[in-house]
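Please model the complete structure; the sequences and the hints are all you need to start from.
Chains as they are written, first to last, in the numbering used here: chain A, 11 to 413; chain B, 39 to 300.
Careful, some of the hints might be misleading.
To give an idea of the chain A side of the interface with chain B (calculated C-beta under 8 Å), a few residues [said to hold, decoys possible]:
| # | residue |
| --- | --- |
| 1 | A344 |
| 2 | P346 |
| 3 | R356 |
| 4 | A377 |
By construction, these hints were calculated from the structure, which means they are not laboratory data.
We put the CB at the ideal spot given by N, CA and C, even for glycine.
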Amino acid sequence: MDMVTDPRPAARAQLAAQGWIPRKAELFRHLPPPPAAVWLGESASCDDGPADCGWSLQQVPGAAGAQAELRWFDMAHAAQRAKLLSGLPLPGDDAAAAFAWAHRALLRHALRVRVGAAGPGAPATVLHLAHRGHAAVEAPLLLLEVEAGAHCVLLETHERAAGAAVVQNLQVHVTLEQGARLQHLRSVAPGAGDRLAHHVRVRLARDADYAQCLLAEAGAYHLQRNVFDLQGVGAQARASGVLLGGAGALEQQVLVRHEAARTRSAVEVLALPGASAQMVASAHTRIAAGCDEAQVHQRLAGIPVAGQPRIVLRPHLEIHHDQVQAAHGATWGALPEDALFHARQRGLDEAAARSLIVAGMARAVLARAIDEASLPPALRLEDALAAVLTRQFGIAVTEAAHG
Amino acid sequence: MTKKEDMQSNPPVLQVQDLRVAVAGRTVLQSVSLQVAAGAVVVLMGANGSGKSTLGLALAGHPRYQVTGGQASLGGADLLALSVEARARAGLFLSFQAPPDIPGVKNNLFVRTAVNAVRQARGEAPLDAFDFLGEAKGAARRLGLPEAMLNRPVNEGFSGGERKRNELLQLAMLRPRLAILDEIDSGMDVDGVRATVDLVASLRAQGTGFLVVSHYQQLIESLAPDAVLRLDAGRIAQSGGLELVHDIARTGYAPAPEAIEA
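Right under this line is the structure:
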């Protein structure tokens, strides 16, 4: 298939040939995604969108000068299309590939950000990329390349226009060259009727370092899927996700592939659903043969904030080498009773004590991937977390919560 | 009038009468009666498992500790009718034997929220961050708690002694009417014990009554208690002064004579 010259019809044909994700597909069996037609949309409602494809670079107060080069691509131009697609990996062969084909079938514009190294001892390049939803059905694409030795801090936020529900199939491809470092903060808050599928794929070269904090709210359907390929010796990836929602559906999948020696990964997800929410958190880590001294850590936790929601936690390790360290666990339970009693014994009413503890647990999980104290205030997820807790559970995280 | 006589003449801030407490269906406290006057220190001793911690947790309203009989009042109000937080706001403070972690919640936020909840209940204006921090830093310094710990999550990564000092920090900031200190000395070094004695003396002078659970003779002597009680098999088996502490140090928690006669 010649993807460079004619990718969109070809992708549509590919999808038609292979079919959409079966309802019983293992990868999606606990929260099956809506059918292909939802992601492909009607031609009139699809993403022709603005040339910036909804992405804009926001000012970050107090941040050092950015060493970043931004380039927008338009699929209508053959040369741009060829350039863009030549650097894009083909969809894989697992069930999630259907999303990638649906994305290509709709792809209109893309943004590529290339972050250069500023020299030894230079401050990190700090970016805030905001995506503004603009179509009923859209397929945004972001390519982020961090050059060898460069250090970047990226806040990626998603806004939506008020009004009708949207469908968004986002693909983000991150490439970290040798010794590059990216701290990636993501905040995604869909409306109650929105259907979202975000796919973040990260490829790490030797000694590259990737850390992601995700704050995600439930929607009508909301998938956050991460794939980390640790290709170079000494590469490491950490991902922390906090999933929140009083109602609706939300799934986070993290697939980590260790492909070299001395690679390290840590995945932690905390699901905090309300009474009528459905949440799934799955972590699958694969250590290939020859990955000497690889280290793997997975921790999944689910704590109902109210009622008896449905929570599915799926830790999975696949180890093909002996000399590795791996730990994983999943816990489903209530808020810690001793901490709750301690807080109430100090005079906090039960609702305030619960709020404090829930917010604290979320903050602690995020902090294990990225220490926000080292970031400019405008990049921190603290305010976003407070807003989500208030919106989803009526939990008031007061000014005092900022300590 | 001597200091002790003066203390004993004060109206009791805590009065417990025939308290009976069950945990998971098993009666742990059979019948406990005691009182603590404002500004007084009452020491509670007893063998492991005798029910000392149960008494503190039941008075604080822990949901797993069911009061099945008796009465308890704080400043004349029915303590047992109040919620956990209402007891705290009424002036009851319990220092925990094993203070829990509260991940992600900074110590200064936690303590300020608690202080302001109690101040609000007393009809006082809330402390702003600046005033709070000034007071908290001073208290932390007096207790030998590194200032940096105010900015760390509650008890996370703290040593046993630091956790206890952190409980004392909360005690100092909350200034309750009655404080129950459950083995506050365990895990604490000599400087920590000295800081405990100083804090108790300071709060006592302001009218706080103390019920102190301890096995540590030196601490008890330093506190100069108004009364020493010995809890055995869910009842107050003996009461006295420091001579009872010395007897226990000498003979251990042998059955009380009354119990043997019975």
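Status of the hints after comparison with the structure:
Interface restraint check: A344/A against chain B, minimum CB-CB distance 13 Å, threshold 8 Å, status violated. About 7 Å separates the beta-carbon of P346/A from the nearest beta-carbon of chain B, less than 8 Å, and the hint is met. Because the beta carbon of R356/A sits about 4 Å from the nearest beta carbon in chain B, less than 8 Å, this interface hint is met. A cut of 8 Å between beta carbons decides the hint on A377/A: the least distance to chain B is about 7 Å, and the hint holds.
In summary, the one numbered hint that this structure violates is 1.
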